[in-house]
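As given, the protein sequences belong to chains A and G, one line each in that order.
The working numbering applies: residue 1 is where the first sequence begins, and numbers increase by one.
The working numbering applies: residue 1001 is where the second sequence begins, and numbers increase by one.
Honestly, the hints are just simulated from the structure, not real lab data.
Computed from a prediction, not measured in an experiment: that's the story for all the values here.
Using N, Cα and C, we set each Cβ at its ideal position, and we do this for glycine too.
Please note that a few of the clues may not be correct.
[Unchecked claim] Simulated restraints, written as ranges between beta carbons of each label pair:
id, chain 1, residue 1, chain 2, residue 2, range
1, A, P199, G, D1081, 44 to 50 Å
2, A, R145, G, G1181, 44 to 50 Å
3, A, E101, G, D1081, 20 to 26 Å
4, A, G188, G, P1090, 49 to 55 Å
5, G, D1081, A, V278, 29 to 35 Å
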Amino acid sequence: MLNYIWSGLIIGSLLFALTVDTQELAENRFRNDQALPVTLEFPDGYTPEARRQPVEIRIDSARYREMFGTDAVPESSYAGRLVQTEEGRKVEFDPDASFPEPLATIESYHATDDNPALRGILTTAPSASPGTPQLEAAVQFEPVRFRKLRSIAQAALDFAETAASLALSLIGVLGLMLGLVKIGEEAGLIEALTGVVQPLLNPLFPNVPEDHPALANISLNLLANVFGLGNAATPLGIKAMEDLQSLNPADDTASDDMVMLLALNTSSVQLVPPALLVSIMGLQVNQLFFSITLATLCSTVAGILGTLALHQVPYFRATAPHRNADAEDSADETSDADEREI
Amino acid sequence: MIETIRSVVSVLSAFVLPTLIVGFPLYGLIKGVRVYEVFVEGAKEGFDVAVTIIPYLIAILFAIGMFRASGAMDYLVDLLDPVLGLIGVPAEVLPMGIVRPLTGSGSAGLVADMINQYGEDSLVVKMAATMFGSTETTFYVIAVYFGAVNIRETRHAVPAGLFADFVGFLASVYMVQLLFG
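Here chain A stands alone, though its shape is the one from the complex (with noise of 0.2 Å):
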């Protein structure tokens, strides 16, 4: 299943970006080849030996809608800077200034860390005289050409270094838990849990056999999602998993059991706000206290059944791990044998 989502999501991104990038290429949507006629004013006067000098940048706004095609309208005055390169005369905008689109894209698609400003050579400029306050001006920027191509590549590489330092950040608070667990288990606490939690998860975990710990590391886990602990609910969600894949005589096919604890804790009920939406909204995530907890418990109950229904679903039914034992006591070799054909 997760194979299609998986190669759907990276064959798809390839195809859209393309998809965009031509049709972006077709129209033309950049103009890559055509200067954006502009006025330069110099506060200080033009000095034509000057490597940097400050201007002001003004766009006629009608100009600017009939080259670009688009309704987006410019400021009427950019701060910027007139510099001398060995390209020419280059007219840099003021890197915090906010442009109307396509400028915008333009802008983000050059930027780099040294010189994060649009910019772009000065063309059809009449050699002035110095001192000239005014000049008029056409600016070309650099062209625009696969930007999508690129930014999925750009973001391959970025959330790949994003999942491994997401993962080793947990290190921490895994650590923490998984301690205390064990400490829970070595004093008997996590068995005596489990005899007060069975009668309420067994139906919903039918294999895991009477009195086996998992159930209270289950319970745990669900507890610490029900009050928003989300740091301290996955690594106990990672032990309850890892008591379910002791239990379970497939090696890398998930059971019955575990798609249901999956689907316990990407529903589960919250009766506290994650704290990652409470740094953002404030205070004003009180008022959500109840359409929170509300939805939840449907989203939970759903969970629940649908995951039940999808269990009988017979495409599912015939690549579970305890189909054999379900059925009878058949030996753990014919089983596994099962699991190749797969």
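Since the structure of chain A is already known, use the hints to place chain G on it.
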């Protein structure tokens, strides 16, 4: 009434983690467990677990990151908009419904964007925030939980999780309409 329940819950939730963190070792001590040694032994697994999930997390996150960067998500929103409009889902909250199961940070950013755009008191922001608070990042949970025990064949985990997300999405829309609309 809402305030009372809310404050009781927030007091309770303040106690859960301290109770776990202090309660377990305390109980262990009473039962004569060598708490320090046992704790360290258990905590040792933390590193292994984190390292085990790295490949799964990379696989899931980079694919989702690429998909987002390609702009396909916006296209999906346009595609689904007329269908969901029929059952009373406002177009503004649709991106949230699509992004939520894929990325946690992305959907948090979306809530922040929507607050800027529509204001904190608007119904659509309340819907989006309820969605954010009521469902988990399904693909992340799959990568982490199944990755930790090296499960590669996930069977019906994705449909089950997404079904729950979808119901949570609709429930968020209707609950907010019911309570604030």
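For each hint, the structure was consulted:
The given range of 44 to 50 Å is respected by P199(A) and D1081(G), whose C-beta atoms sit roughly 46 Å from each other. A hinted range of 44 to 50 Å holds for the C-beta pair R145(A) and G1181(G), which are about 47 Å apart. The given range of 20 to 26 Å is respected by E101(A) and D1081(G), whose C-beta atoms sit roughly 22 Å from each other. Between G188(A) and P1090(G) the beta carbons are some 53 Å apart, a value that agrees with the proposed interval 49 to 55 Å.
A beta carbon spacing of about 30 Å between D1081(G) and V278(A) agrees with the range 29 to 35 Å that was offered as a hint.
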